[in-house]
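The residues making up each chain are set out below.
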Amino acid sequence: MLAKSRAEGGLPDDQVVGDMAAAGTYLRSLPSLNGKVGILGSCSGGRHTYLTACRTPGVFDAAVDCWGGSVVQARERLTPAQPVSPIEYTKDLSCPLLGLFGEDDQNPAPAQVALHEQELKKYHKQYEFHSYKGAGHGFFYYHLPMYRHEQAMDGWKKLWAFLEQHRDAPQYA
Amino acid sequence: MCTNIVETAQITGWGKGAEGWFDLRLVSVSFDHPMHAPLEHAINIDFTNAAKGLSARVAVELTPDAAQELIRVIQAALARGHAEGVMA
Numbered sequence: 000m001l002a003k004s005r006a007e008g009g010l011p012d013d014q015v016v017g018d019m020a021a022a023g024t025y026l027r028s029l030p031s032l033n034g035k036v037g038i039l040g041s042c043s044g045g046r047h048t049y050l051t052a053c054r055t056p057g058v059f060d061a062a063v064d065c066w067g068g069s070v071v072q073a074r075e076r077l078t079p080a081q082p083v084s085p086i087e088y089t090k091d092l093s094c095p096l097l098g099l100f101g102e103d104d105q106n107p108a109p110a111q112v113a114l115h116e117q118e119l120k121k122y123h124k125q126y127e128f129h130s131y132k133g134a135g136h137g138f139f140y141y142h143l144p145m146y147r148h149e150q151a152m153d154g155w156k157k158l159w160a161f162l163e164q165h166r167d168a169p170q171y172a
Numbered sequence: 000m001c002t003n004i005v006e007t008a009q010i011t012g013w014g015k016g017a018e019g020w021f022d023l024r025l026v027s028v029s030f031d032h033p034m035h036a037p038l039e040h041a042i043n044i045d046f047t048n049a050a051k052g053l054s055a056r057v058a059v060e061l062t063p064d065a066a067q068e069l070i071r072v073i074q075a076a077l078a079r080g081h082a083e084g085v086m087a
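Protein chains in written order, with numbering that gives the first Met the number 0: chain V, 0 to 172; chain Z, 0 to 87.
Do not take every clue at face value.
What the hints assert, rightly or not - So the derived label-pair ranges between C-beta atoms look like this:
no. : chain 1 : residue 1 : chain 2 : residue 2 : range
1   : Z       : A76       : V       : R27       : 46 to 52 Å
2   : V       : M0        : Z       : G12       : 46 to 52 Å
3   : V       : K156      : Z       : E18       : 26 to 32 Å
Unchecked claim - Partial list, derived from the structure: chain Z residues whose beta carbon lies under 8 Å from chain V:
no. : residue
4   : C1
5   : R24
6   : V59
7   : T62
8   : V72
What the hints assert, rightly or not - To spell it out: a stretch of chain Z is covered by chain V in this simulated footprint if at least three of its residues, at any positions, have a beta carbon under 8 Å from a beta carbon of chain V; those stretches are:
no. : region
9   : 12-23
10  : 29-37
Hints are computed from structural coordinates only; laboratory data are not their basis. Backbone N, C-alpha and C define an ideal beta-carbon position, used for all residues, glycine too.
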């Protein structure tokens, strides 16, 4: 599937958002649910998380963007599958957001993370961002050279704390 | 990072996959996160035939240096073949 998807220029954003919305809606229908649904992703999944959290009001109660690249997507990098930069949807973000980033990452680079944060502040969104020194992209990936133990341990601690905090919080509008 | 760097070409060829030989129709070369190689980025080459399903795939992941070497030896073999009158 990965090979096919890559050859086709990646999954269309509309398809991703549709699938994630359906998954979130399905989770909400389960009697075992505590009433809260979160969405989390890393790398392109971080971008998809942010995109989905902005475009599916009322479906998710918390979103975690782990080093999502191309949230601030340059015009020349837009494609038919990704026609709108996710940052353009920021005003519609409807849940608290946690962002975890490495300061040595190139996508998103620190300047792009700063632009992302600027946009969140502009629309008075509830968020917390953490950028780690000595870490680049994918610093949670323990099986790859990008793994950074201390930063990953702290990142995971913040991630669970964020989800705990918003598990019982009223839905953010 | 997901680079979204990918180049594709329609090709004629044959590859040996998990279920034996099959006709190749497309080669996709990405410079992006590999699936297996312990690298942040690799040259990921996929030879596929969509008409035969997702399993009709021969996958290779190379370091950039290895990819450059592959280019060199392919070009060298072609040049020698042309020089020596080898016909397809």
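Evaluation of the provided hints:
no.	hint	result
1	Z:A76 - V:R27: 46 to 52 Å	violated (59 Å)
2	V:M0 - Z:G12: 46 to 52 Å	violated (22 Å)
3	V:K156 - Z:E18: 26 to 32 Å	violated (46 Å)
4	C1	holds (4 Å)
5	R24	violated (11 Å)
6	V59	violated (11 Å)
7	T62	violated (12 Å)
8	V72	violated (24 Å)
9	12-23	violated (count 0)
10	29-37	holds (count 5)
In summary, the structure is inconsistent with hints 1, 2, 3, 5, 6, 7, 8 and 9 from the numbered list given earlier, while agreeing with the others.
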